[in-house]
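Asker: As a plain string of letters, each chain reads:
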Amino acid sequence: MTSRTPSRAAASLAAALLVVTLGCAGPRSHPDAPSAREPTHTAASGRPFPALHREDIRWLERVGFGLDSATVASYGEVGRTRFLRGQLDAREAALPPAIAAQIAGLDVSHLDPQQTLAQVNAQYKAINAMPNGPDKEQARKTLNDGGNKLAYQAIRRELLRAVYSPSQLQEQMVWFWLNHFSVHQNKANLRWLVGDYAEHAIRPHVFGHFRDLLLATLEHPAMLQYLDNNQNAVGHLNENYAREVMELHTLGVDAGYTQADVQQLARVLTGVGINVGGPPKLKAEWQPLYRRAGAFEFNPARHDFGAKRLLGHDIKDSGFAEVEEAVTLIVEQPACARFISRELAIYFVADNPPPQLVERMAQTFMHTDGDIAAVLDTLFLAREFNAALGSKFKDPMRFVVSAVRFAYDGRAITNTRPLFNWLNGLGELPFGRQTPDGYPLTESSWASSGQMSRRFEIARAIGSGSAGLFDAEDGGGAAMSGFPQLSNRLYFEAVEPFLLTKTRDALDRANSPQEWNTFLLSSPDFNFE
Amino acid sequence: MNRRHLLRVGSAALAGAAVGGRLFAAPVSGPRLLIVFLRGGYDSTNLLIPYSSSFYYESRPTIAIAKPDPASNTGALALDGDWALAPAVRDTLGTLFQQRQAAFIPFVGTDDLSRSHFETQDSIELGQPMTGTRNYRSGFLGRLSDTLIGATADAPPISFTDALPLAFEGAGTVPNLSLKGIGKPPFDGRQARILSDMYTGHPLAAAVNNGLELRQEVAQDMAQEMQAANRDAINIKGFELEAERMGRLMRDKYRLGFIDVGGWDTHVGEGAAQGTLATNLSGLARGLQTFAQSLGSEWNNAVVVVLSEFGRTFRENGNRGTDHGHGTVYWVLGGAINGGAVLGAQQQVNRATLFQDRDFPVLNDYRAVLGGLFRRLWGLSPAQSGRIFEQVAPIDLKLV
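From first to last, the protein sequence lines are chains W and S.
The first sequence: position 327 = 327 (the numbering used here), numbered continuously.
The second sequence: position 57 = 57 (the numbering used here), numbered continuously.
Don't take every hint at face value.
Sample of chain W residues with no beta-carbon within 10 Å of chain S, all distances over it, derived [what the hints assert, rightly or not]:
no.: 1; residue: G86
no.: 2; residue: Y408
no.: 3; residue: Q485
The calculated label-pair distances, taken between Cβ atoms and stated as ranges, are [stated by the list, open to error]:
no.: 4; chain 1: W; residue 1: G482; chain 2: S; residue 2: D146; range: 47 to 55 Å
no.: 5; chain 1: S; residue 1: D69; chain 2: W; residue 2: E473; range: 49 to 57 Å
no.: 6; chain 1: S; residue 1: G318; chain 2: W; residue 2: K283; range: 36 to 44 Å
no.: 7; chain 1: S; residue 1: A393; chain 2: W; residue 2: N424; range: 28 to 36 Å
no.: 8; chain 1: S; residue 1: Y57; chain 2: W; residue 2: Q263; range: 23 to 31 Å
Footprint (simulated), chain W over chain S, 3 or more residues, beta carbon under 8 Å [as the list claims (entries may be wrong)]:
no.: 9; stretch: 113–124
no.: 10; stretch: 186–198
no.: 11; stretch: 210–220
no.: 12; stretch: 258–267
Calculated from the structure, these hints are not laboratory results.
Here a beta-carbon is modelled for each residue, glycine too, at the ideal position from N, C-alpha and C.
Construct the complete structure from the given sequences, taking the supplied hints into account.
Answerer: Written as structure tokens, this is what we have:
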């Protein structure tokens with residue numbers, strides 16, 4: 001047995017850390033034909049990694065944002081089914097103390113959205129009343145800077161959890177649903193709201209019942225502002241949200257609903273809006289129909305009462321109960337089960353997921369009243385999922401997060417700005433999608449020539465130095481310099497045995513460990529999972 | 001061997017990338033086409049104002065733009081007895097129109113009735129008949145590019161976007177690069193070769209090669225731009241800066257370009273003579289003017305088509321905005337086009353002629369309009385243009 005030398009610089013480290021079998025297997029169906037290989041042997045020091053096959057590693061890569069040592073060890077201890085059930089149990093996972101402390105220290109973690117909105121609205125009003133001039137400009141800038149800071153903190157919190165949370169599947173699902181129910185931070189007051197939206201509309205429901213998730217987004221001021229339903233009132237119909245709910249959030253554009261259905265749903269949704277002040281004065285008959293939860297309000301005075309007919313069903317004239325009835329009706333459509341199942345399968349399985357798998361997921365969805373965890377259970381234990389492993393191109397979020405997870409393996413970064421900048425450069429920043437369709441989930445959207453060259457530059461930034469990840473967030477001096485050691489134990493146990501021949505050749509041609517890192521992170525092996 | 005060929009073959013070109021400087025001499029003058037896609041469905045009714053229609057003023061009590069005043073140098077600019085141009089673009093598009101370098105085509109669009117942004121954008125980019133199943137691997141610019149490869153008028157394509165648009169699907173690996181933020185060249189030649197070798201035989205091989213090569217070239221171009229220390233170039237930013245760079249790349253190398261611009265989905269508070277829509281239109285028009293200037297004399301060979309997925313509701317909604325509609329207005333710009341006219345089939349603008357009592361109707365199929373333009377621009381045969389836009393008779397507006 002011998003270990004293959006990744007580079008002159010890394011050779012001694014490699015020899016000291018481990019003994020591996022040299023089974024040369026390709027991760028994709030590829031001319032470099034894979035051969036069956038023996039499980040890896042345990043490492044010479046530290047807690048031994050269990051013997052894992054290529055399929056286990058690939059499965060594990062896909063269920064989370066790539067590998068780190070803790071995930072590999074945990075999987076090896078409990079096996080696939082128990083690991084999956086543990087991941088689907090959405091209890092709050094323990095973050096590394098340094099990361100938990102960073103998150104606890106963020107303003108966005110202590111905000112009340114209603115109060116914040118009230119303050120922001122009041123400040124805008126005061127600024128608009130100021131005479132034109134430098135003072136007004138300065139006041140506006142101060143207010144905007146505050147909003148930008150909160151939006152950045154919301155992104156920072158999600159990125160830190162994506163990199164460090166042991167509940168990796170939960171973090172992927174938070175990303176998936178945030179993208180499915182996409183909102184854009186630059187619209188209206190959303191910069192002050194996106195943190196709360198992620199934390200309270202999305203995160204608690206990622207493994208729950210789809211209907212609850214949909215209703216939570218429907219009632220959140222971020223969504224109400226983003227798709228204009230806060231402006232939708234009797235006599236002032238605005239069909240923007242009604243259309244997107246059916247097209248993008250539940251049924252899909254080809255589900256057979258009509259323009260009339262869009263208008264009817266828009267009528268159902270009239271009066272669903274935002275209020276950060278006191279309750280409105282209402283006629284006595286309307287008072288029992290008034291609803292309020294935080295900044296969310298259903299105001300019967302703005303509601304279009306009267307008969308409505310949606311998707312072939314009559315909706316009873318009943319105020320907000322109409323909305324609940326319409327949501328139930330929509331979610332119970334087989335088209336909804338299929339649309340959501342297919343979106344999940346595109347994200348986790350393949351750009352063109354096997355129809356029989358999507359159908360089984362949809363059946364689970366329908367039999368369990370839209371239980372998302374049950375649908376995911378069907379997905380991750382399916383043989384079609386195994387068959388597709390290794391061939392899904394990582395989108396920028398998966399690429400950037402998995403690279404940092406792999407490079408620093410649990411070590412806490414202090415500055416999230418570099419991740420933010422990389423995702424910005426690749427065009428997939430959380431809360432950054434202008435249109436409500438969310439970012440595309442397929443390879444063709446992220447693997448164009450311009451994307452590939454930019455991705456390689458980011459691979460170099462991560463591989464060649466600390467990239468500012470250990471600086472202070474405020475731009476203060478570097479707490480660490482140097483570059484990450486990617487030729488580490490995790491690499492030799494979980495990556496090296498399965499590398500493509502061409503990737504090995506490239507790594508052998510590296511002139512420095514930094515270059516070696518860059519090539520590894522740029523390789524097909526690392527960019528597909 | 002031409003550049004087009006190199007882009008397709010890819011791997012051979014990479015060796016040159018490290019050497020620096022231009023890899024390819026600028027081809028001879030030839031037609032250039034830039035497609036500008038306004039994503040979100042811009043409110044064309046407040047760009048090209050049907051000012052002779054009293055129904056327009058009834059339908060938009062708060063967002064209508066006042067009738068042109070012939071005695072004034074500001075406000076809407078009358079183009080003819082029926083149409084006027086928004087004040088926000090008076091000094092840009094208005095000037096081009098008066099120089100016959102701009103034309104507008106109202107009542108244009110698709111027969112896609114979904115009123116969905118995404119559905120209709122896809123329809124347009126694919127450019128296929130609405131009947132039958134969609135082939136998502138074949139966009140209209142992809143087919144145009146393929147058609148031109150065989151012809152003498154070779155037309156290297158480029159997309160000025162972060163991701164490759166659907167419109168270019170099927171044309172092999174088309175280079176794409178957003179020109180928003182470009183730094184110095186990232187890799188030396190040896191490193192680029194190693195990266196490229198890793199993907200030999202891989203489905204992404206061409207994308208990897210093109211990406212490394214184009215990145216290198218543009219970085220060198222930008223370095224020259226900085227050295228030239230053009231004072232104007234320092235002052236412009238945003239879309240204008242992008243447009244200036246696009247113009248230079250299309251002057252020197254590329255013949256088919258695509259860029260998209262967002263921010264047009266004005267459901268709420270879109271404004272009238274001033275406001276959100278006016279600001280967006282004015283920035284876009286200034287950018288296109290910059291594009292024209294940076295093409296230099298090649299502006300006379302260039303055609304810019306500005307299009308959008310649909311128009312918006314003719315009436316304003318309850319929030320001083322407009323909702324998703326149907327027919328829209330396309331713009332055609334170019335140094336030597338037969339502009340200065342509002343073209344295509346038209347009809348009176350009143351309540352009776354609205355489509356479904358809410359939108360501008362579509363009287364000019366966008367595929368027929370673009371097909372007719374492409375035929376004249378490159379002298380395509382009916383068989384060639386029929387391959388780009390199947391099952392539609394091209395409309396010849398004699399723009400070029």
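Asker: Are there at least three residues in the stretch 210–220 of chain S whose beta carbon sits under 8 Å from a beta carbon of chain W?
Answerer: Contact hint for the stretch 210–220 of chain S vs chain W: holds, 5 residues under 8 Å.
Asker: Taking a Cβ-to-Cβ distance below 8 Å as contact, does the stretch 186–198 of chain S have at least three residues touching chain W?
Answerer: With 7 residues closer than 8 Å to chain W, the stretch 186–198 of chain S meets the three-residue bar; holds.
Asker: Is the hinted range of 36 to 44 Å satisfied by the C-beta distance from G318 (chain S) to K283 (chain W)?
Answerer: Given a distance of about 21 Å, which is not inside 36 to 44 Å, the answer is violated.
Asker: Hey, is Y408 (chain W) genuinely clear of chain S, shortest beta carbon separation above 10 Å?
Answerer: Label holds. Min Cβ-Cβ 23 Å, cutoff 10 Å.
Asker: Determine whether the non-interface label on Q485 (chain W) survives the test: each CB of chain S must be over 10 Å from its CB.
Answerer: It holds; Q485 (chain W) is separated from chain S by about 20 Å at its closest Cβ, greater than 10 Å.
Asker: Measuring from beta carbon to beta carbon, are G482 (chain W) and D146 (chain S) in 47 to 55 Å?
Answerer: 50 Å, holds
Asker: Is the hinted range of 28 to 36 Å satisfied by the C-beta distance from A393 (chain S) to N424 (chain W)?
Answerer: The hint (28 to 36 Å, Cβ to Cβ) is violated, given that A393 (chain S) and N424 (chain W) are roughly 46 Å apart.
Asker: Against chain S, does G86 (chain W) keep a CB gap of more than 10 Å to every residue?
Answerer: 35 Å, holds
Asker: Confirm or reject the coverage of the stretch 113–124 of chain S by chain W under the rule of 3 or more residues with a beta carbon closer than 8 Å to the chain's beta carbons.
Answerer: It holds: at least three residues are needed, and the stretch 113–124 of chain S offers 7 whose Cβ sits within less than 8 Å of chain W.
Asker: Apply the coverage criterion to the stretch 258–267 of chain S and chain W: a residue qualifies when its Cβ sits closer than 8 Å to a Cβ of the chain, and three qualifying residues are needed.
Answerer: holds (count 4)
Asker: Verify the CB-CB distance for Y57 (chain S) and Q263 (chain W) against the hinted window 23 to 31 Å.
Answerer: Because 25 Å falls inside the window, the suggested range holds.
Asker: CB of D69 (chain S) to CB of E473 (chain W), is that within 49 to 57 Å?
Answerer: 55 Å, holds
Hint violations for this structure: numbers 6, 7, all remaining hints satisfied.
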